[in-house]
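Protein chains in written order, with our numbering: chain P, 5 to 372; chain Y, 5 to 372; chain X, 5 to 372; chain U, 5 to 372.
You may find that some hints are simply not true.
Because identical chains cannot be distinguished in the list, a pair is counted as satisfied if it fits within a single copy or across any two copies.
Simulated crosslink set (SDA-like; lysine to any residue; CA at most 25 Å straight-line) [claimed, not checked]:
#1 K230 / A201
#2 K21 / E106
#3 K35 / I70
#4 K164 / F62
#5 K58 / A160
#6 K58 / A167
#7 K21 / F62
#8 K96 / E106
#9 K58 / S27
#10 K58 / S73
#11 K58 / M290
#12 K21 / S124
If you are wondering where the hints come from, they were derived from the structure by calculation, not from laboratory data.
Number of protein chains: 4
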Amino acid sequence: MTDFPERPPLYYGSYLKLDRLLSCQEMESAKLGRPAHDEMLFIVVHQAYELWFKQILFELDAVQEIFASQPVHDRDVGRASRALGRVQEILKLLVHQVDVLETMTPLDFLDFRELLYPASGFQSTQFREIETRLGLRRDDRLPFDRMAFDQRLSEADRRKLEAVECRPSLSDQVEAWLERTPFVDFGGYRFQETYRAAVSRMLGRDIAYIERNQAISEEERQTELKRLASARERFDAIFDAARHRELHARGVWRLSLRALQAALFINLYRDEPALQVPFNLLSRLMDIDETMTTWRYRHAQMVQRMIGLKLGTGGSSGHDYLKAAAERHRVFGDLFALSTFLIPRSTLPDLPDPVRRAMAFTYAAEQV
Amino acid sequence: MTDFPERPPLYYGSYLKLDRLLSCQEMESAKLGRPAHDEMLFIVVHQAYELWFKQILFELDAVQEIFASQPVHDRDVGRASRALGRVQEILKLLVHQVDVLETMTPLDFLDFRELLYPASGFQSTQFREIETRLGLRRDDRLPFDRMAFDQRLSEADRRKLEAVECRPSLSDQVEAWLERTPFVDFGGYRFQETYRAAVSRMLGRDIAYIERNQAISEEERQTELKRLASARERFDAIFDAARHRELHARGVWRLSLRALQAALFINLYRDEPALQVPFNLLSRLMDIDETMTTWRYRHAQMVQRMIGLKLGTGGSSGHDYLKAAAERHRVFGDLFALSTFLIPRSTLPDLPDPVRRAMAFTYAAEQV
Amino acid sequence: MTDFPERPPLYYGSYLKLDRLLSCQEMESAKLGRPAHDEMLFIVVHQAYELWFKQILFELDAVQEIFASQPVHDRDVGRASRALGRVQEILKLLVHQVDVLETMTPLDFLDFRELLYPASGFQSTQFREIETRLGLRRDDRLPFDRMAFDQRLSEADRRKLEAVECRPSLSDQVEAWLERTPFVDFGGYRFQETYRAAVSRMLGRDIAYIERNQAISEEERQTELKRLASARERFDAIFDAARHRELHARGVWRLSLRALQAALFINLYRDEPALQVPFNLLSRLMDIDETMTTWRYRHAQMVQRMIGLKLGTGGSSGHDYLKAAAERHRVFGDLFALSTFLIPRSTLPDLPDPVRRAMAFTYAAEQV
Amino acid sequence: MTDFPERPPLYYGSYLKLDRLLSCQEMESAKLGRPAHDEMLFIVVHQAYELWFKQILFELDAVQEIFASQPVHDRDVGRASRALGRVQEILKLLVHQVDVLETMTPLDFLDFRELLYPASGFQSTQFREIETRLGLRRDDRLPFDRMAFDQRLSEADRRKLEAVECRPSLSDQVEAWLERTPFVDFGGYRFQETYRAAVSRMLGRDIAYIERNQAISEEERQTELKRLASARERFDAIFDAARHRELHARGVWRLSLRALQAALFINLYRDEPALQVPFNLLSRLMDIDETMTTWRYRHAQMVQRMIGLKLGTGGSSGHDYLKAAAERHRVFGDLFALSTFLIPRSTLPDLPDPVRRAMAFTYAAEQV
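Using the sequences and the hints, build the whole thing.
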């Protein structure tokens with residue numbers, strides 16, 4: 005209490021600037037003398053979105069500051085994970101908000117829809133900033149959205165977003181952090197080699213089993229052997245630098261080979277004390293990616309309900325675009341793709357004792 | 005398009021007044037040079053609440069206007085029901101918002117909690133207005149909350165709320181609308197008499213059954229007969245004007261006898277075409293009452309988590325108060341209480357044909 | 005109480021058959037002596053789905069029985085609407101259930117995934133029945149799913165589903181009900197003509213405005229005129245029997261012209277007492293269609309998270325298929341498409357008084 | 005693949021035992037020849053609850069096994085935390101399920117309510133087991149519920165639950181685990197002393213400030229000084245063994261002094277790497293406690309809606325009881341109460357370097 009200087013009492017309304025906040029809802033239809041009841045809902049929903057976008061950006065500030073430090077401190081990773089957990093809770097709320105907007109019917113929307121031209125959600129600078137900060141690059145965007153970037157934003161907004169594009173995204177930062185994961189190569193231990201050997205062993209055993217199995221037809225045998233060969237090739241993609249370079253160039257992978265291997269390592273050995281929090285962090289990034297996608301999809305459904313389906317016309321309609329963006333605008337797709345490269349825990353090689361010890365706490369007390 | 009005069013193009017940011025809206029988040033802790041990260045969340049959550057409160061009030065405006073007309077038009081009851089449905093969706097969202105606020109831990113709250121003194125959610129004028137507009141009377145409020153009314157609000161807010169208290173609440177309006185329900189007494193049909201007779205028949209049959217049942221002990225017989233006598237007395241409460249007056253005076257019932265009977269009638273014969281929409285409307289009022297209660301309860305839980313439990317002190321703590329208010333501030337409790345007065349459909353008397361016909365559409369086409 | 009014969013007391017556990025119910029969870033991994041912890045979750049989630057599917061089918065039984073009667077009774081439409089409202093609540097719960105399943109990680113799934121071969125959710129007979137009962141036809145299904153129909157189901161299940169396919173679906177029944185909507189042609193009133201005239205007037209006014217507007221360039225004028233011509237053509241699609249026949253044959257429309265017009269009429273004049281409940285009913289069908297779609301989408305996301313993304317392979321992976329089905333398996337798309345054919349309420353022709361009167365209650369009491 | 009013996013193909017329906025599962029829904033009303041439509045919903049909702057209860061118990065098995073080991077392994081604490089996270093997701097789903105049950109109206113319930121006598125949710129053995137396993141003791145239960153324990157359960161169920169009561173609950177196990185937290189006394193560091201000194205310093209500064217502040221009246225000074233004295237007394241409660249013993253005996257505290265201090269330490273220094281996962285675990289326990297409470301509350305609201313309010317009778321009605329139990333049956337109240345004992349981070353003493361080092365990873369690679 006004594007920590008802060010004497011201050012005048014603070015009241016709820018002035019603290020929250022309610023006078024100003026609640027004067028921001030001006031219905032275009034009312035200005036024209038024909039108030040359309042549902043325009044208020046339309047405004048409030050979108051303003052609530054923008055408030056929450058501001059909060060998400062605020063959390064991303066904190067997270068990105070943590071990951072900007074060299075090295076990233078272990079004590080801060082838990083904090084980053086909690087901040088991302090909050091972003092995830094907010095995104096779930098935003099998905100829920102679509103239910104509220106859907107209490108508006110198309111006929112109600114028609115009462116004021118025309119007045120809004122050419123305003124559009126594509127012009128939300130904050131939402132674009134969230135996407136960019138997470139790691140969506142301009143070329144990842146669908147053409148229509150890229151165009152909106154160039155044409156629909158004010159000069160100031162465009163410049164602001166371009167500055168954001170020039171800074172490292174969370175995806176870039178997480179990649180750099182993953183690349184420094186110490187245990188992937190630790191003392192004489194090489195995760196890459198041990199894991200590759202385990203995969204090889206597993207596949208070899210499968211091949212041997214199929215080759216000597218009398219119960220299956222020659223045709224089944226060939227099918228199965230082909231399947232195993234393709235599995236081996238798939239696994240190679242994550243150990244072979246040349247193969248990774250090629251896939252990276254084609255945009256199949258976004259993360260570096262080293263970062264991918266570290267993420268795989270964290271997923272496989274997540275129970276080691278030193279990996280529990282990193283594993284949480286990667287899970288949160290996937291949650292966020294998925295919930296952003298869900299939100300885009302629900303938003304697209306809502307638009308479709310409001311505007312209707314185009315009949316047999318060639319052009320892509322708004323909601324088709326939005327549904328395509330739902331997938332295309334994912335940022336952390338690599339983390340999802342890694343599932344393909346997991347092997348069952350029963351065939352997973354144990355970590356050497358010194359590595360496990362290094363990933364644990366020792367509780368040896370020095371004298372204080 | 006031609007309906008509206010030529011206007012300059014409208015952009016998303018200016019339409020939503022984003023400059024102003026997003027300048028309303030000023031952290032007290034930042035002003036003092038010691039920014040507390042979670043204060044932003046605290047502000048944004050409460051501002052989002054207030055935006056939604058504004059929307060709820062806007063919907064209540066529309067609903068109360070419908071119920072202010074004499075008579076209430078059937079075409080408008082569906083519209084009122086939809087508006088209340090929207091209020092319900094918003095309230096569900098507000099309950100969900102508590103999940104987001106709970107990502108703040110007590111330790112985080114402590115970083116700025118002291119700076120807010122004596123601001124408090126009890127000072128939300130809009131929330132009080134919602135409660136009052138629905139029908140919460142000053143005397144229904146818990147003492148602490150009544151006191152906050154007198155001491156914590158600005159002069160302007162207090163005067164505004166007092167004016168709201170003087171106008172008919174939605175509860176008053178719905179009561180008046182129920183009292184005019186035509187079919188409760190229609191032609192020679194008297195719902196009150198028919199229903200009372202059915203109840204009497206049902207209870208009489210039960211008594212006879214118990215009296216002649218050899219299988220049960222004398223003791224059980226007496227218990228059962230007492231139970232039936234008390235059921236009869238309970239039912240009397242809704243048919244006997246004197247008994248109702250007494251209960252009404254004691255505050256057990258809030259609605260008039262006539263309104264209660266109409267609500268009961270609507271619940272029992274809800275499938276008749278003329279009662280389907282009134283039944284929806286009553287259901288929505290119950291939904292809203294219940295979800296307001298849930299929100300208060302979740303809010304109280306959140307406060308308890310933030311502030312902790314008081315140990316062995318006599319005084320009521322904030323969250324105890326809030327939990328008490330969760331129940332005490334219900335407005336449409338009578339509609340819930342009516343469940344006690346329903347009888348099984350198998351013993352429900354059929355409506356006379358003329359009454360049923362009057363509650364149906366005939367589809368007889370006049371020439372246009 | 006006396007209504008039912010004397011019966012032995014009923015206890016919670018035996019009423020719910022808990023012994024049997026809770027003996028249905030047999031983990032394959034446990035049978036093989038290597039229990040995989042998360043297999044239990046996998047079983048319970050899917051069993052919970054199936055319990056709810058049974059409930060949905062039970063509600064559809066009631067709804068379809070209502071719509072099977074000739075004519076459909078107005079008193080039952082409210083009941084049908086409530087039953088569909090329940091289906092919608094259940095579907096929202098099923099979407100929520102995906103969150104629970106996603107607490108399983110891909111590595112956990114790998115512990116037992118192989119044991120389930122070739123079991124697959126595509127083999128859920130109840131889910132298929134729900135889709136079919138709502139109105140999904142075999143040819144609407146994606147090829148993969150159609151194939152599963154032929155190959156993966158037991159003989160008994162296949163025969164059962166084929167029988168379901170032969171009965172009228174809810175979509176068929178609603179179409180027939182819509183076709184009988186009395187007010188679309190009532191006395192001398194023809195909705196089709198009045199509405200077409202209103203559209204024509206609205207577009208004519210727009211054209212005149214653009215032709216005489218000096219402020220726009222010749223190029224803009226041509227663009228706008230083209231846009232209006234295409235709007236007119238679009239509107240024709242819903243009034244012109246030949247045009248409708250063509251689009252119907254191409255599968256663009258599913259509903260008959262008459263049913264489409266009735267649905268449009270109900271949407272436009274939803275506030276008339278006789279249309280309030282039909283409007284609710286159509287809204288519920290759209291809610292269900294949309295939430296089924298959301299569930300398929302969330303389910304596809306979950307599969308993607310579990311299985312990973314296929315890299316550069318040609319074949320469609322499970323989750324791609326599921327996402328495609330999310331859209332393709334919609335049943336009530338026509339109701340969404342109708343939004344395109346709404347005109348603003350300000351240009352909507354008033355209904356003739358006799359029509360409005362016929363859609364209202366009169367409250368004239370005969371003597372009982 | 006080769007890991008498992010050759011097995012016959014597995015199909016969805018047989019894997020999930022759908023024949024058996026879907027034969028467990030027998031409506032009492034149907035047996036009596038008067039099927040009450042909503043009884044099916046009633047059965048399915050409660051069966052879905054029981055399926056999820058089984059899953060919760062299954063997760064508690066895993067968590068309790070982890071906490072039964074001596075010592076608890078750090079690698080397992082993350083796993084326990086994830087399992088509790090799953091329990092929390094399930095509980096949120098159960099809260100959501102109340103929405104589905106509320107689509108049943110009281111009149112619908114009346115069609116079969118009498119047939120269920122005397123079955124009651126209080127007879128759910130699994131739910132009782134969850135409560136007991138978490139740590140609810142028989143004496144903590146409300147009298148009515150204790151009675152149900154004695155009278156309404158079958159002999160087998162009672163014996164089963166009594167055995168559960170004899171085993172250590174999760175609350176007991178977490179208490180023991182907290183008591184062993186190494187860093188609370190580490191080398192020469194004594195958290196208790198350092199923290200007590202910090203509290204003393206903070207309060208001392210506040211007292212000095214108030215005593216020399218000229219701007220406040222004598223009366224205010226006395227009030228403030230009293231407030232500070234009471235704060236000091238409150239803090240004593242967590243450092244003074246005698247005071248704690250007294251409060252423990254009165255049931256104000258449940259956890260031992262040592263466990264409380266460890267929990268406080270973990271909350272205050274949660275960002276240290278060694279405390280991040282323990283902090284998550286404590287947060288999950290609070291989430292679960294709170295969501296159990298919410299579920300009981302929503303359940304009570306639903307009962308109230310179905311059964312109606314008792315009017316002026318003395319006895320406690322079912323939903324009053326349920327609402328009382330919502331609070332009374334909390335298990336981890338101590339963790340919530342700890343919020344009272346936090347001090348602002350700005351006055352929190354830094355940990356000595358050796359303690360911080362011991363709580364961090366060192367990443368020094370031995371040779372493998």
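Verification of the hints:
When the C-alpha separation of K230 and A201 is checked against a cutoff of 25 Å, the pair qualifies only within one copy, where the shortest distance is 20 Å, while the shortest distance between copies is 66 Å. With identical chains, the CA atoms of K21 and E106 are at most 25 Å apart between copies only, with a shortest distance of 23 Å across copies and 29 Å within one. Proximity of K35 to I70 under the C-alpha cut-off of 25 Å is restricted to the inter-copy arrangement: shortest distance 23 Å between copies versus 47 Å within a copy. Within a single copy, K164 and F62 get their C-alpha atoms as close as 16 Å, which meets the 25 Å cut-off; across copies the closest is 36 Å, which misses it.
Within a single copy, K58 and A160 get their C-alpha atoms as close as 18 Å, which meets the 25 Å cut-off; across copies the closest is 31 Å, which misses it. Proximity of K58 to A167 under the C-alpha cut-off of 25 Å is restricted to the intra-copy arrangement: shortest distance 18 Å within a copy versus 36 Å between copies. Taking the shortest alpha-carbon separations for K21 and F62, both the intra-copy value of 19 Å and the inter-copy value of 20 Å come in at or below 25 Å. Proximity of K96 to E106 under the C-alpha cut-off of 25 Å is found in both arrangements, the shortest distances being 16 Å within a copy and 14 Å between copies.
Taking the closest pair of Cα atoms, K58 and S27 come within 25 Å of each other both inside a single copy (19 Å) and across two copies (11 Å). In the homo-oligomer, the alpha carbons of K58 and S73 lie at most 25 Å apart inside one protomer (23 Å), although the nearest pairing across protomers, at 43 Å, exceeds that limit. Taking identical chains as interchangeable, the C-alpha atoms of K58 and M290 lie at most 25 Å apart only when both belong to the same chain, with a minimum of 21 Å there against 29 Å between chains. Taking the closest pair of Cα atoms, K21 and S124 come within 25 Å of each other only across two copies (14 Å); inside a single copy the shortest separation is 27 Å, beyond that limit.
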